[in-house]
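Student: In case you want the letters, here they are:
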Amino acid sequence: MTVKSVTELADHVGGEVIGDISVEVTGAATLTEAGQGDISFLANLKYEKDLQTTRASVVVVGKDYSAADIPPRALIQCNDPYYAFMQIVVLLHGHREHEKIGISPRASVSGSAQIGDDVDIHDFVCISADVQIGDNTRIYPSCTIGPGSKVGKDCIIYPNVTIYDGCQIGDRVTIHAGTVVGQDGFGYATHDGIHHKIPQIGGVIIEDDVEIGSNCAIDRGTLGYTVIGRGTKMSNLVAIGHNTQIGPHCLLVAQVGIAGSVQVGKYCVMGGQVGIVGHIKIGDGAKIGAQAGVTNDVPEGISIAGSPALPITQAKRSLMLLKELPEFRKKLRELDKSLKHLIKEEEESDNNNSE
Amino acid sequence: MTVKSVTELADHVGGEVIGDISVEVTGAATLTEAGQGDISFLANLKYEKDLQTTRASVVVVGKDYSAADIPPRALIQCNDPYYAFMQIVVLLHGHREHEKIGISPRASVSGSAQIGDDVDIHDFVCISADVQIGDNTRIYPSCTIGPGSKVGKDCIIYPNVTIYDGCQIGDRVTIHAGTVVGQDGFGYATHDGIHHKIPQIGGVIIEDDVEIGSNCAIDRGTLGYTVIGRGTKMSNLVAIGHNTQIGPHCLLVAQVGIAGSVQVGKYCVMGGQVGIVGHIKIGDGAKIGAQAGVTNDVPEGISIAGSPALPITQAKRSLMLLKELPEFRKKLRELDKSLKHLIKEEEESDNNNSE
Amino acid sequence: MTVKSVTELADHVGGEVIGDISVEVTGAATLTEAGQGDISFLANLKYEKDLQTTRASVVVVGKDYSAADIPPRALIQCNDPYYAFMQIVVLLHGHREHEKIGISPRASVSGSAQIGDDVDIHDFVCISADVQIGDNTRIYPSCTIGPGSKVGKDCIIYPNVTIYDGCQIGDRVTIHAGTVVGQDGFGYATHDGIHHKIPQIGGVIIEDDVEIGSNCAIDRGTLGYTVIGRGTKMSNLVAIGHNTQIGPHCLLVAQVGIAGSVQVGKYCVMGGQVGIVGHIKIGDGAKIGAQAGVTNDVPEGISIAGSPALPITQAKRSLMLLKELPEFRKKLRELDKSLKHLIKEEEESDNNNSE
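Protein chains in written order, with my numbering: chain G, 546 to 900; chain Z, 546 to 900; chain R, 546 to 900.
Source of the hints: derived by calculation from the structure; they are not laboratory data.
Be aware that one or more of the hints could be misleading.
The list treats identical chains as interchangeable, and a pair is accepted whether it falls inside one copy or across any two copies.
Claimed, not checked - Keeping only pairs whose Cα atoms sit at most 27 Å apart, straight-line, the calculated DSSO-like set for lysine-lysine is:
hint, residue 1, residue 2
1, K591, K875
2, K811, K742
3, K698, K811
4, K549, K826
5, K832, K742
6, K832, K811
7, K594, K608
8, K591, K882
9, K868, K695
10, K826, K811
11, K645, K594
12, K868, K832
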């Protein structure tokens, strides 16, 4: 167990200690789950009330967060409390450690493959002809890397991943278990009632520092490449269509599906189960709410939601009003009745007048 | 082929035979698919009409179901006809049988792993350091169990499953092919435009008697555990986020996605493609309709549907009225026109009167 | 690099060259991505404007497409330009080539399996007892084929695929990596609070010429078969429930989920993330828009969209009007106010008159 003093931790993240500087930290947890000896964080003021009841010994807070009204314990004030907390978790626990095992005699490595230094290739991995693997990359059991594909340096490929032929994976890329990169895109020319397969002769480029969750599926390009941009992170069960290009630093939550030939800008965020039709353009920094169905280009910086997707305030208003439809109908009927009544009265009064 | 008499079967399920007690049963099928010699069941009166046309020799029905108006054949009356039918299917066909093969010399089993009695470990399975496998568990080809994970007794792990390090699987758990348990949750602290990975140092606890379909993905906890409660069953392609806790005896249909830190109670039912946002609470016994998008806490025992989800009667009414929106618009326009006409008449009449 | 003259290509597809018959073609690309030496196609007049700016040397167009107004280069006129383009891509690039490797000594092949001629079985494949594999089929690394299953001739099974016991795969079937065929369907009889597993004793039939994407999951039948009809193509992460029967020549885009016992006709098309409830019937040639939720039978030839799904024109109208709900409410309030005002005036006027 690593023990760190609160002052060490504050120094590590460039923060300042408020309160008891003698506190020692042995673990990290959320405010509600923390116990004695744990450090926690308050990044979103929505959770401020949890500060009153947390059993955490230390809490990382924003620079301007006042300690006046909370129970006596240590705080670490800093600029970006969530980032600081992350740095502390890394310090206390580190990332997953990978045993150095070298190349397992139970792996199958083609004689024409080029394997870098300090590479781990676990049991039952299959490295095909002309594959290149960069230094310090680890490939876990039962992965297959197809002919001519290239995996960069410092990558982690978890078990049961399949990378087809002719794919290029950058440096420091992590791919979680069961994910498939480079299967044929969904392309057929239908003629006389038969769907004829269009050869999918392109590939996939996954740029540096990408992380991909479990059981995703990333199509190869039909002609040219499907691209996942630098620093982009995607969660589990995400489907990416052929020739789609995702820009750098995007975040794609679980079960997102993007059809083919979509152009996604940088720093886009997509919630769970978002669906995007083919051949459209998602501008830089667009935010797409969970389960949205995107059927048209999305301008830069816009937040959208709903299926079909609308700008978020419009979507929220419309969806809220959905609840009121029974009320609307009732009102419409009342109005109709009142109006008819009035018209009838009018007519009677006219008739009376004309009598 | 197993042959059972209708009286044997009735005894087996504590039911009573009505009709021809000499009938023999050799198979089981649904009412519409059954042929001569088959037993079938009627659990939902919606399918009562199929009783008239079925070729089944015997039908299991509820205790109070009257046989008067159906063609002469044997019925078995009992309390819970679907459960009784299931017991009969088990008697006639049994569950899948697993050949006892012991530990394959083509598997890779760490010297520090503890393997129970009568365990089957198939070809190309990788059992990492410090793994524990309970008695009578079967692990099919190309599975990987990561360091320090524990699988209980009488489990069945189908091919190509990955269980990461530090996960705990209870007794009598079934995991279907391609499923991944314990990949890193989707946690990043974004700082200066870079998404920094938060170490995912928690684990996964899968309690006893859980069954998980194919190609699911269950995140490990960031800190602490992701939990799948005792007796819960989930279908294929389900995604469960980090630190989510699913209570006992839930049913999750295919392609459900639950984000992180959700608390699901016991006996909840989720239809296909349901999406649930993070950090909310689903009460015991809640029923969530297919494709619903759940964005708020759900009280105990409630049925909801739609995206965003509403109580089911409200959702149905609103969605039904969606169809009538063109009608609403038409009516609004008519009312507007009539009213304007009336107001105009009024003014003219006022003008006339004041002339 | 294959070089073909435009006249050769035109002959190959039964088309006619318009323009420079000396042009040589070395590659294929879309209109926007093509460079010099590339052939491209115009199948959808939506993309006609790209003809003005493309750098393609040759473009395949429809029979009646006039070349008058486009830059001088060669066109190939033919009946079905997309199909012709596909034929040309096959001619230029061919389909993926599979190295003949025979049966790897690192594969595990049961002594009771029947393996045809010219079959490739790669490393770490597990072929169980009584499996039959047809001539010229290739099975890539880490696949498992369960006891008694049958794979036809000329199939391609990519890495990490699991086929359970008792499944039948036809000829010329392609299954992409990570897909699972034949896991148990989601069937439980709940009794006294416990979900009792119903034995799933049926199987899966995949007919000839089917292609299945990556990480799909196709349930076996509970009793009887789940069927994927001849020539049907499905993309990635598709879930098919037990006993569902999909007709021939359907197209299922990524992340479609179909529950159990659904009957899908022939030539149906389903967009991404479509969900279909159990026990319904989808007529021949039905077209279901992306993310639709289908809860009722769909008649032959109908196009539907939305969740719950409606005929497409109705769905579009309703969803468009969703945007106008705030406008509706405003209008309702105005009408209400005007009407009340009018009624009040009436009453006052009546009162005045009666004074």
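Student: Now look at each hint and say whether the structure bears it out.
Tutor: Tested hints:
1. K591 <-> K875: Answer is neither; intra-copy 38 Å and inter-copy 33 Å both fail.
2. K811 <-> K742: Answer is between: at 18 Å across copies they meet the 27 Å cutoff, but 33 Å inside does not.
3. K698 <-> K811: Intra 24 Å, inter 46 Å, cutoff 27 Å: intra-copy only.
4. K549 <-> K826: neither (48 Å within a copy, 34 Å between copies)
5. K832 <-> K742: For K832 and K742, the Cα distance is within 27 Å only across copies (20 Å; inside one copy 35 Å).
6. K832 <-> K811: Intra 11 Å, inter 34 Å, cutoff 27 Å: intra-copy only.
7. K594 <-> K608: within (18 Å within a copy, 55 Å between copies)
8. K591 <-> K882: neither (47 Å within a copy, 40 Å between copies)
9. K868 <-> K695: neither (53 Å within a copy, 48 Å between copies)
10. K826 <-> K811: Answer is within; shortest intra-copy Cα gap is 12 Å, inter-copy 33 Å.
11. K645 <-> K594: neither (45 Å within a copy, 56 Å between copies)
12. K868 <-> K832: Both. Shortest intra-copy (25 Å) and inter-copy (19 Å) distances satisfy the 27 Å Cα cut-off.
In summary, the structure is inconsistent with hints 1, 4, 8, 9, 11 from the numbered list given earlier, while agreeing with the others.
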